[in-house]
Amino acid sequence: MNLDSVISVLDMLGIAVFAVSGALVAARKEMDIVGFMLIGTVTGIGGGTLRDLLLGATPVFWVKQPAYVLITIGASALTYFFARFVASRMRWLTWADAVGLSVFCIIGAEAARAVTDNAVIIVVMAMLTATFGGILRDILCGEFPLLLKPEIYATAALVGAAAYLGLLGLDVGRDAAAIGGICLAFAVRGAAIAFNLKLPTYGPRPPT
Amino acid sequence: MNLDSVISVLDMLGIAVFAVSGALVAARKEMDIVGFMLIGTVTGIGGGTLRDLLLGATPVFWVKQPAYVLITIGASALTYFFARFVASRMRWLTWADAVGLSVFCIIGAEAARAVTDNAVIIVVMAMLTATFGGILRDILCGEFPLLLKPEIYATAALVGAAAYLGLLGLDVGRDAAAIGGICLAFAVRGAAIAFNLKLPTYGPRPPT
Amino acid sequence: MNLDSVISVLDMLGIAVFAVSGALVAARKEMDIVGFMLIGTVTGIGGGTLRDLLLGATPVFWVKQPAYVLITIGASALTYFFARFVASRMRWLTWADAVGLSVFCIIGAEAARAVTDNAVIIVVMAMLTATFGGILRDILCGEFPLLLKPEIYATAALVGAAAYLGLLGLDVGRDAAAIGGICLAFAVRGAAIAFNLKLPTYGPRPPT
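Chains as they are written, first to last, in this note's numbering: chain A, 42 to 249; chain B, 42 to 249; chain C, 42 to 249.
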């Protein structure tokens with residue numbers, strides 16, 4: 042069992058967890074099951090879809106591998122029937138979401154590296170892949186995007202992707218770089234969850 | 042006169058009706074004529090545009106066939122001057138919209154079949170083509186997306202596309218399959234309009 | 042120093058100004074610095090990105106030229122630290138934004154001409170390039186899109202692009218046509234700012 046299979050499994054897990062997070066918002070908005078599937082699917086695959094569009098890697102990944110859509114539809118439908126059960130395990134979901142975020146940022150960085158060598162673009166694509174599904178979920182549901190609150194979320198993807206590129210530059214090999222990036226992204230996001238860390242926000246300041 | 046010309050005429054009719062539905066929201070928001078054209082155009086061609094982007098069929102269809110944009114601009118401008126007249130015929134509009142939905146879902150399914158054989162992706166593209174323009178309209182106008190209310194709308198596109206694929210599998214020929222899919226989508230949406238049918242929504246339930 | 046370098050400099054200036062306008066909304070919403078960069082970047086490059094996607098010109102322009110992203114990130118970060126200073130120069134910003142709008146509409150028109158000869162599509166792409174970043178900014182921040190208010194904004198891009206095409210048709214040469222288009226777009230937008238001009242909006246009217 043090599044690293045790519047592990048990443049692949051974590052990727053599918055992450056997409057399922059993102060879909061569940063979307064379906065839970067659908068539950069709060071009292072949608073029907075089609076609404077659950079739509080919001081769950083958009084949340085699960087939205088980030089990777091925007092990345093593929095911007096990079097010109099079309100048809101987008103889930104058109105080539107429909108299993109991803111089956112996963113988001115299945116996870117959303119299960120949430121429709123068991124939303125109360127799922128919602129009571131919110132703490133677990135938050136941690137599973139952190140795994141998804143960490144894996145997505147490396148998958149996004151690797152997809153970008155197939156098109157460009159530029160570090161800024163690679164990091165931006167990593168952040169997009171990890172965060173855009175959640176942004177779409179909030180816009181579609183008429184909520185203020187969570188990402189724009191001072192959570193350390195996009196920042197964790199930024200740190201993970203930067204670490205991945207830094208490790209690649211140190212010639213440790215792609216596998217070690219990917220593992221390092223995933224772990225660092227998870228550590229940053231995990232610390233933010235565990236200690237409720239936030240970035241400082243812009244606000245009224247004392248005169249200088 | 043063959044089926045393709047009929048579908049083509051219904052397609053343009055559908056896009057005009059979608060544009061009018063967008064322009065009517067612009068009227069409620071008291072926009073200027075440029076806003077009418079913008080919202081009307083986005084509503085009319087938004088679904089097919091997203092489909093083409095995801096499938097990698099670029100430039101998107103209306104860049105290749107600008108007549109579509111002329112139709113949405115014209116329909117939106119007419120609505121600006123005659124919105125009161127149009128709004129008083131809301132019932133007709135709802136039925137014309139059902140025709141558009143039915144035709145769009147088959148057009149979307151056929152566009153997807155040019156790229157993939159996968160039934161899930163074909164059905165998803167059919168639903169997207171039929172519904173995304175209306176979602177964009179609602180997001181741009183700051184309204185909660187109608188689609189996410191428990192109307193049987195995306196569901197009608199789903200049923201129509203599935204019927205189309207099923208009929209193709211039965212080897213009835215492409216024309217019969219397209220007609221069957223369009224009729225079934227229209228029947229489902231029409232029944233929902235006529236009898237005010239809705240899907241059950243997620244909500245507080247009695248304990249089991 | 043030829044016209045292309047001047048346009049290129051004005052383009053980067055315009056993108057920086059658009060990013061600042063995005064970051065100022067982030068300031069009003071009290072976001073953290075990552076939120077500033079995200080909203081600033083989306084506002085600065087959103088219009089050109091949508092244009093490239095629709096035309097099939099992928100990877101989109103800023104993936105090929107990452108300097109654009111560095112500009113939006115830098116401008117957004119500076120705004121985070123100096124937002125109060127920037128906000129007190131709102132009047133200047135409005136005029137710099139008018140320069141950006143004027144340049145963007147010609148850049149958008151030229152990008153479209155590389156793909157199509159159709160005047161309607163070229164004008165639509167010019168309007169999209171100049172306006173979509175601001176629409177995305179408002180949607181992401183949960184505000185009603187400014188563009189949909191009766192400001193003469195998209196209209197200025199329309200006039201500029203039409204003038205550019207008209208001048209090209211008169212065989213004055215590409216440089217003169219571009220300068221004419223930019224100046225006319227700026228004149229229209231400038232008049233709207235200086236004299237607070239608006240288009241008439243749809244509203245209750247006396248019976249005819």
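If you are wondering where the hints come from, they were derived from the structure by calculation, not from laboratory data.
Any given hint might turn out to be false.
Identical chains share a label here; the pair holds if one copy fits it or two copies do between them.
Below are the DMTMM-like pairs computed for lysine to aspartate or glutamate, each with C-alpha atoms no more than 20 Å apart in a straight line [to be verified]:
1) Lys70 with Glu151
2) Lys105 with Asp216
3) Lys70 with Glu184
4) Lys105 with Asp45
5) Lys239 with Glu192
6) Lys70 with Asp45
7) Lys105 with Glu151
8) Lys239 with Glu71
9) Lys70 with Asp52
10) Lys70 with Asp158
11) Lys70 with Asp179
12) Lys239 with Asp138
The hints, checked one at a time:
In this assembly of identical chains, the alpha carbons of Lys70 and Glu151 never lie at most 20 Å apart, being 36 Å within a copy and 33 Å across copies at closest. In the homo-oligomer, the alpha carbons of Lys105 and Asp216 never lie at most 20 Å apart, since the shortest distance is 25 Å inside one protomer and 27 Å across protomers. Both within a single protomer and between protomers do Lys70 and Glu184 lie at most 20 Å apart by alpha-carbon distance, with minima of 10 Å and 14 Å respectively. For the homomeric pair Lys105 and Asp45, the shortest alpha-carbon distance inside one copy (18 Å) is at most 20 Å, but the shortest distance between copies (28 Å) is not.
When the C-alpha separation of Lys239 and Glu192 is checked against a cutoff of 20 Å, the pair qualifies only within one copy, where the shortest distance is 5 Å, while the shortest distance between copies is 38 Å. Taking identical chains as interchangeable, the C-alpha atoms of Lys70 and Asp45 are never at most 20 Å apart, the minima being 37 Å within one chain and 41 Å between chains. In the homo-oligomer, the alpha carbons of Lys105 and Glu151 lie at most 20 Å apart both inside one protomer (17 Å) and across protomers (17 Å), since each shortest distance falls under that limit. For a Cα distance limit of 20 Å, the shortest separation of Lys239 from Glu71 across copies, 13 Å, qualifies, whereas the shortest one inside one copy, 30 Å, does not.
Proximity of Lys70 and Asp52 under a CA criterion of 20 Å is satisfied in neither setting, with 27 Å inside one chain copy and 33 Å between copies. For a Cα distance limit of 20 Å, the shortest separation of Lys70 from Asp158 qualifies neither inside one copy, at 42 Å, nor across copies, at 35 Å. Taking the shortest alpha-carbon separations for Lys70 and Asp179, both the intra-copy value of 11 Å and the inter-copy value of 16 Å come in at or below 20 Å. Taking CA atoms no more than 20 Å apart as the test, Lys239 paired with Asp138 passes inside one copy only; the shortest distance there is 17 Å, against 33 Å between copies.
Of the numbered hints listed earlier, those contradicted by the structure are 1, 2, 6, 9 and 10.
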